[in-house]
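Visitor: Use the sequences and the hints to build the structure in full.
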Amino acid sequence: MKNFLLMLCIPAILISGGLKSSLLKSKRQNKPLMVLVTAEHCKYCSKMKRETLSNSDVKRNVKDFLFTKVDKTSLDAQKFLPNTRYTPTVYFISPKFTIVNSVKGYLNAYDFNMWVDDTRSKLGMPILSHRTKTDNSSRYVQPEKDSVWMYDIASAVDFASQTGKQIMIFVGSNKSKWSKKMEKTTLNSNKIKSKLQDFVWVKLNHGDKEAKAYGINPKYVPSVYFMRTDMSELAVAKGYFKEKNFLKWVKYAKSKI
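Using this note's numbering, you'd call the opening residue of the sequence shown number 19 and step up by one each time.
Because the hints were derived from the structure by calculation, they are not lab data. You can take every hint at face value.
The list that follows gives simulated cross-link-like pairs (lysine-lysine, BS3-like), each with its CA atoms no further than 30 Å apart:
(1) Lys237 - Lys266
(2) Lys237 - Lys213
(3) Lys77 - Lys114
(4) Lys274 - Lys211
(5) Lys45 - Lys90
(6) Lys199 - Lys183
(7) Lys274 - Lys262
(8) Lys38 - Lys97
(9) Lys262 - Lys209
(10) Lys237 - Lys274
(11) Lys140 - Lys43
(12) Lys90 - Lys227
(13) Lys266 - Lys230
Guide: Here you go:
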């Protein structure tokens with residue numbers, strides 16, 4: 019598990035309101051602070067707050083932490099937190115303004131609780147007992163219909179790096195009937211999902227600025243990019259494919275890992 023030990027130099031005279039107020043309160047009450055960093059257009063930020071942070075076991079595990087939320091572009095975030103490309107990001111900060119852990123990208127309740135446990139251990143706090151992953155893990159995160167998808171590459175790369183997975187990027191368009199058909203049929207196949215369970219799924223609209231920054235700007239939609247976590251290509255499937263033919267691409271991509 020990654021360990022980030024960065025010092026925040028925060029003069030008390032500058033602390034007032036929002037994140038600054040929470041940091042001062044953390045110091046005054048001698049309680050650690052959990053900071054959720056979000057962005058304006060971040061579907062997984064809402065999902066993280068709605069599902070992971072609202073989970074009963076997670077809430078019990080972080081009950082000894084103060085909590086605040088901040089936008090990554092805000093002055094507070096830029097002044098008092100390290101720069102992060104990823105949203106959501108959660109920082110666990112000690113009352114002495116030390117970043118004990120940083121969790122980058124969306125995690126379900128079970129995986130997030132592992133980070134909370136690690137943070138509690140580093141802060142000398144008792145580790146609370148909670149359900150293991152095998153204890154009906156579906157109770158942790160109630161999946162929404164598109165829970166298989168992530169919507170930004172940076173968070174997907176970080177999540178894939180943390181979990182040892184590869185990345186599949188589906189580039190489609192709301193104007194393309196073949197994009198809609200491939201998503202609803204081919205990619206909704208249980209067999210396809212099973213074969214791609216070791217991939218983090220990302221869905222992007224054609225022309226997406228972030229995708230272009232990574233060199234992903236296909237001429238045809240739909241297009242599917244199979245990528246390593248360093249964003250080097252395993253394979254690119256251009257156009258619409260039914261399940262049988264798409265499985266050939268999956269097999270080929272996995273052979274390149």
